[in-house]
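In case it helps, the working numbering puts the sequence shown at residues 29 to 109.
None of these hints come from the bench; they were simulated from the model. Heads up, some of the hints might be wrong.
Unchecked claim - Mimicking DSBU-like on lysine-lysine, the simulated pairs with C-alpha atoms at most 30 Å apart in a straight line are:
1. Lys92 - Lys107
2. Lys76 - Lys92
3. Lys70 - Lys58
4. Lys58 - Lys72
5. Lys58 - Lys76
6. Lys102 - Lys92
7. Lys42 - Lys76
8. Lys102 - Lys72
Bear in mind the structure is a predicted one, so any value in this text is a computation, not a measurement.
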Amino acid sequence: MAVGAASRRGVFRKEGVSLNQFINLAVAEKLAHLEHEARAQKRKQPTKGLATRAVSLLDRAGSKLVEPGDELPKGYQAKRR
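Generate the whole structure from the sequences, applying the supplied hints.
Structure, rendered in structure tokens:
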């Protein structure tokens with residue numbers, strides 16, 4: 029489905045920027061997305077041992093009593109791991 033020229037003009041005007049600024053922003057957002065994907069692919073994946081250690085640390089946390097206002101909602105059920 030093609031978008032009419034009037035609709036396209038309305039988009040950047042609605043954003044309160046010129047067409048040139050709108051295009052620059054779109055290009056910058058796309059480049060940022062591509063850079064993020066590249067970094068995410070290079071990122072070292074967590075090992076099972078590291079994940080197990082993280083879960084055990086989280087399981088040990090929380091020995092303090094719940095303060096007023098921090099209670100879980102009524103009917104809340106924790107997910108099983």
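Hints, verified against the model:
A hinted pair counts as satisfied when its Cα atoms are at most 30 Å apart, and lysine 92 with lysine 107 qualifies at roughly 21 Å. Restraint check: the Cα-Cα separation between lysine 76 and lysine 92 comes to about 29 Å, which is no more than 30 Å; the hinted pair holds. For the hint linking lysine 70 to lysine 58, the alpha-carbon distance of about 19 Å falls within 30 Å, and the restraint holds. Only pairs whose Cα atoms come within 30 Å are accepted, and lysine 58 paired with lysine 72 is accepted, the gap being roughly 24 Å.
The hinted pair formed by lysine 58 and lysine 76 fails the criterion: a straight-line CA distance of about 33 Å is larger than 30 Å. At roughly 20 Å between alpha-carbon atoms, lysine 102 and lysine 92 fall within 30 Å of each other, so this suggested pair holds. Distance hint between lysine 42 and lysine 76 is unfulfilled; the C-alpha atoms sit about 48 Å from each other, more than 30 Å. The suggested pairing of lysine 102 with lysine 72 is violated, with an alpha-carbon distance near 40 Å, which exceeds 30 Å.
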